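Asker: Sequence:
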Amino acid sequence: MPTRQGRRTDKSRAMGLLEELSGGPLTLGNFLQAIREGDEMSQAAFAAKLGISKSHLSDVETGRKAVSPTRAARWAEILGYSCQQFVQLALQDELERAGLRYKINLVAA
Numbered sequence: 064m065p066t067r068q069g070r071r072t073d074k075s076r077a078m079g080l081l082e083e084l085s086g087g088p089l090t091l092g093n094f095l096q097a098i099r100e101g102d103e104m105s106q107a108a109f110a111a112k113l114g115i116s117k118s119h120l121s122d123v124e125t126g127r128k129a130v131s132p133t134r135a136a137r138w139a140e141i142l143g144y145s146c147q148q149f150v151q152l153a154l155q156d157e158l159e160r161a162g163l164r165y166k167i168n169l170v171a172a
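64 is the number of the first residue of the sequence shown in my numbering; add one for each residue after it.
Incorrect hints may have been included.
[As the list claims (entries may be wrong)] Keeping only pairs whose Cα atoms sit at most 25 Å apart, straight-line, the calculated SDA-like set for lysine to any residue is:
| # | residue 1 | residue 2 |
| --- | --- | --- |
| 1 | K117 | F94 |
| 2 | K117 | Q106 |
| 3 | K166 | K117 |
| 4 | K117 | G87 |
| 5 | K117 | L163 |
| 6 | K128 | Q148 |
| 7 | K112 | E140 |
| 8 | K112 | A139 |
| 9 | K117 | A136 |
| 10 | K112 | A136 |
| 11 | K166 | R127 |
| 12 | K128 | E140 |
None of these hints come from the bench; they were simulated from the model.
All values reported here derive from a predicted model rather than from experimental measurement.
Just need the whole structure built from these sequences, with the hints factored in.
Answerer: In structure tokens:
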């Protein structure tokens with residue numbers, strides 16, 4: 064069984080791989096796209112699962128639209144992923160859009 068530190072290292076490796084595959088820093092949009100493509104779902108089917116339009120999903124995946132932390136948490140629950148990770152990515156995206164050079168490190172209260 065991996066240690067707590069080992070899990071962080073594995074997570075860091077996974078995040079690094081996703082950033083490498085997406086060609087830049089991981090965003091909620093390209094993370095959603097990776098999940099969708101990994102599940103071999105069309106944008107239309109994935110959007111329906113999230114309860115949004117295909118065009119809205121496309122805008123999120125390409126970074127044209129931001130996602131609120133509340134919506135990110137709801138999508139994480141729908142998809143069975145970590146709410147913390149989705150919310151952290153949504154908040155990080157907001158900082159990037161604002162031109163603020165900070166990194167979010169979200170910790171559950």
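Asker: If a hint holds in the structure, say so; if it doesn't, say that too.
Answerer: A quick look at each hint next to the structure:
no.: 1; hint: K117 to F94; in the structure: holds (16 Å)
no.: 2; hint: K117 to Q106; in the structure: holds (6 Å)
no.: 3; hint: K166 to K117; in the structure: violated (30 Å)
no.: 4; hint: K117 to G87; in the structure: holds (24 Å)
no.: 5; hint: K117 to L163; in the structure: violated (30 Å)
no.: 6; hint: K128 to Q148; in the structure: holds (18 Å)
no.: 7; hint: K112 to E140; in the structure: holds (11 Å)
no.: 8; hint: K112 to A139; in the structure: holds (12 Å)
no.: 9; hint: K117 to A136; in the structure: holds (19 Å)
no.: 10; hint: K112 to A136; in the structure: holds (14 Å)
no.: 11; hint: K166 to R127; in the structure: holds (21 Å)
no.: 12; hint: K128 to E140; in the structure: holds (20 Å)
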